[in-house]
Amino acid sequence: MSIFSTKKSWINLTIWVLIIAFIIAAPSLLPVFRLNLLGRYLSLAIVALGVDLIWGFTGMLSLGQGIFFALGGYCAAMFLQLNTAGEFPNGIPEFFGLYGVEKLPFFWEPFKSSIFTLISIWLLPAIIAGLLGYLVFRNRIKGVYFSILTQAALLVFFNFFNGQQKLINGTNGLKTDVTQLFGQMVGSEIMQRWFFWISAILVILAWFFARWIVRDRFGNVLIGIRDDEARVRFTGYNPVIFKTIIFSIAGGLAGISGALYTVQSGIVSPQFMTVPFSIEMVIWVAVGGRGTLLGAILGAVLINYAKSLVSEALPASWMFIQGGLFILVVTALPEGVLGWIRKDGLKKLLFLIGINKKLETYPSLEVNEQGEVKS
Amino acid sequence: MQLILESLFNGVAIGSVLLVAALGLAIVFGLMGVINLAHGELMMLGAYSTYITQLIFKQVSFLKPFYDSYVIVAIGIAFLVSGTVGILLERTVIRRLYGSPLETLLATWGVSLILQQFVRSVPLAYGSGLVISLFFGLFAPLFISDELLQGAKGKLIRASTWGVSALLGVATGGVLSSLVSKLSRASARNVDVTAPSWMRGGIDFVGITFPKTRLLIILITLISVLVVIFFLDKTAWGMRIRAVTQNRPMSDCLGISTETVDIITFGIGSGLAGVAGVAVSLLGSVGPNVGGNYIVGCFMVVVLGGVGNLLGTILASFSIGIMTDLIGAGRLLTIWPEMPSPIYSTIDFFATTSMARVMIFALIVIFLQFRPTGMFPQKGRMVES
Chain Z
1 MSIFSTKKSW INLTIWVLII AFIIAAPSLL PVFRLNLLGR YLSLAIVALG
51 VDLIWGFTGM LSLGQGIFFA LGGYCAAMFL QLNTAGEFPN GIPEFFGLYG
101 VEKLPFFWEP FKSSIFTLIS IWLLPAIIAG LLGYLVFRNR IKGVYFSILT
151 QAALLVFFNF FNGQQKLING TNGLKTDVTQ LFGQMVGSEI MQRWFFWISA
201 ILVILAWFFA RWIVRDRFGN VLIGIRDDEA RVRFTGYNPV IFKTIIFSIA
251 GGLAGISGAL YTVQSGIVSP QFMTVPFSIE MVIWVAVGGR GTLLGAILGA
301 VLINYAKSLV SEALPASWMF IQGGLFILVV TALPEGVLGW IRKDGLKKLL
351 FLIGINKKLE TYPSLEVNEQ GEVKS
Chain H
376 MQLILESLFN GVAIGSVLLV AALGLAIVFG LMGVINLAHG ELMMLGAYST
426 YITQLIFKQV SFLKPFYDSY VIVAIGIAFL VSGTVGILLE RTVIRRLYGS
476 PLETLLATWG VSLILQQFVR SVPLAYGSGL VISLFFGLFA PLFISDELLQ
526 GAKGKLIRAS TWGVSALLGV ATGGVLSSLV SKLSRASARN VDVTAPSWMR
576 GGIDFVGITF PKTRLLIILI TLISVLVVIF FLDKTAWGMR IRAVTQNRPM
626 SDCLGISTET VDIITFGIGS GLAGVAGVAV SLLGSVGPNV GGNYIVGCFM
676 VVVLGGVGNL LGTILASFSI GIMTDLIGAG RLLTIWPEMP SPIYSTIDFF
726 ATTSMARVMI FALIVIFLQF RPTGMFPQKG RMVES
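Protein sequences appear in the order of chains Z and H. Under the working numbering, residues 1 to 375 are what the first sequence spells out, in order. Under the working numbering, residues 376 to 760 are what the second sequence spells out, in order.
If you're looking for bench data, these hints aren't it; they were derived computationally from the structure. Check before you lean on any hint, since a few could be wrong.
[What the hints assert, rightly or not] If you only want the chain Z side, here are some residues facing chain H, beta carbon under 7 angstroms, derived:
id	residue
1	Val144
2	Ile148
3	Ala152
4	Leu155
5	Asn159
6	Leu167
7	Asn304
8	Tyr305
9	Ala306
10	Met319
11	Gln322
12	Phe326
13	Val330
14	Ala332
All residues carry an ideal CB built from backbone N, CA and C; glycine is no exception.
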């Protein structure tokens, strides 16, 4: 039994070849500005995958993924700042001078090591998510209460990072585009090309990872929690453990995403922890299709692309469109676009326009408008 | 002693803004399990109503002598404006989403985005015209006898009331924009509400100055709470609301129109947001984002206070208010200067308004470890509660 034995596998293979070809060729196809945007949106797709895991599969709506996203970004930015700091007075990043800080705060120290940074980018957000999640889930706080608490936590982190100038440069955030890595400016064209490729590869890896999770027995329990948590508990599973693990995985994914986004946008700031940004992450998943991993990726990339196109043309209208999207997707398309297509949505649409005829399953029982059975 | 009194007063003042804002949220949440993320924007509409009322009183000649009392008129107008928009929101969006609170949360967020952009890009005069046409369009059918609204003729009458209200709205918009030039252009800038002369300054009492605006806000809150308690406890509709809060299917079976109860509750909850908006407009400048500053505080009040109990809401908002003042303004350090140094330095670290929020959130999460459903949880034997 070869995996290429069926027709479907051949289609899948062709799609993969096309995707990989596009990723390799993209830097020469797209102008630098667009390539950079695409790279950023691909990195956002990773956080969207995390949101899909906790919301689409486990049914917990977190409005605080921005915390973990920003934490990952800060980890990366701190490393990059330290990597370049040798040229500055006291050997510490430049901004410290503005606030009269002469000694590096203690928690910056480990970020001098690249290995520590690479690990902490995903591990630190995952640990914090796990802790926060455990404290909340342990008390069976769920539903809207959970959403509100995550939102409040987001605001708390925002206030903390915004207010601590002497520790992490407060409102101004940490710049990365003028720092150096491997002797190159991070903001340079060649580095950005590499970051694009890394983002694309990581999106694919994250997709495989998420798919592996949800297709396993673990994933079945998650879906069970989404559909009826009490019953899962009565069957002998402890939902707290599953919820904590998946929330911490989503946090880790958000951290990776944040780090990639930071190096490509050139700055990390408390703006990553604002309330609207975190809710936007949910809408990418909602539009793409909650509970479908591909939908999360497509939603993140396409909506952000649409956002940048619309904002370039008509800046004021994006808020209306976004607001409308929120309302439309929950009232009319609760499964998202991909979920709708998978549920024969296209056929229904074709039927509505009158291209496909409605199939009459039991012609003898079809009822006409007056309620009489057609002969 | 004076310090403690002053701190208490400030805490109560902060808490009463929170309370009047969270009151509406708590009632709606208790009844329908719906978190309305557009609540902050309904507050924003209330604040803008105050601003518009003030300008009208300033510009229109026959209202000028009554300028000093515009705040009181504004409270009523804000209640009606936010209530109308809230009812429209309930009828068009939230109605479709009962039973799925998370979806409601997202949809109301969408509404809040639209409302924010609306005040930015639509001239306030025409915005108020739109609200007026909505108001008459929604409420006019209530005053026409039911017989007239039946059948094909009824449809015509309904359509014509909407037509008339639309005309009325356009007319109001036109008149307003010609009367008050400030309202005729769209602007994203923040506006300021100036308090009338009798509200400026403060009252001196045992050596402390109490600012009059704060006192007025406390008064507004007190009256709103009393009215809400009276309405819920003493009127027929209040009883129906309580019944539906306790057991929706049972009330439905007993002939209570849960649909009407939902509309009334949502209207009152949103109207209270408008009243909160008046209070907010007296404290600082008014902008499209003004609601966002308060909304998370309101959520914390609801989470801390528990659902379906006004006492919980009241206690929670005052304790959050007092804590904010004690920690945020660093007053705890002044009251008790000789506290042990590790605690002193910790509290000193949190002694700004934004850091106080950090600390209060931590305290709330700790509190929820012991009382997961808030101070006064609803009693019941349901697995899901």
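Once the shortest beta carbon distance from Val144 of chain Z to chain H is found, is it less than 7 angstroms?
With Cβ-Cβ at 5 angstroms, under 7 angstroms, it holds.
Hint check: 7 angstroms Cβ-Cβ cutoff, Gln322 of chain Z to chain H
holds (6 angstroms)
Classify the hint on Leu155 of chain Z as holds or violated, based on whether any CB of chain H lies nearer than 7 angstroms to its CB.
With Cβ-Cβ at 5 angstroms, under 7 angstroms, it holds.
Per-residue hint verdict: Ala306 of chain Z, partner chain H, C-beta under 7 angstroms
The hint is violated - Ala306 of chain Z has no Cβ within 7 angstroms of chain H, the shortest such distance being about 15 angstroms.
Would you settle whether the hint for Tyr305 of chain Z is holds or violated, based on the nearest Cβ-Cβ distance to chain H being less than 7 angstroms?
Given a least distance of 19 angstroms, the restraint on Tyr305 of chain Z is violated.
Would you settle whether the hint for Ala152 of chain Z is holds or violated, based on the nearest Cβ-Cβ distance to chain H being less than 7 angstroms?
holds (5 angstroms)
Any CB of chain H closer than 7 angstroms to the CB of Leu167 of chain Z?
violated (11 angstroms)
Does the CB of Asn304 of chain Z sit less than 7 angstroms away from some CB of chain H?
violated (16 angstroms)
Hint check, Asn159 of chain Z versus chain H [nearest Cβ-Cβ separation less than 7 angstroms]:
holds (4 angstroms)
Report holds or violated for the interface hint on Val330 of chain Z, using the least CB-CB distance to chain H and a cut-off of 7 angstroms.
Cβ of Val330 of chain Z sits 4 angstroms from chain H, so the hint holds.
Holds or violated: Phe326 of chain Z as interface residue toward chain H, Cβ cutoff 7 angstroms?
holds (3 angstroms)
Ile148 of chain Z as chain H interface residue, shortest Cβ-Cβ below 7 angstroms:
holds (4 angstroms)
Hint compliance for this structure: hints 6, 7, 8, 9, 14 are not met, and every other hint is.
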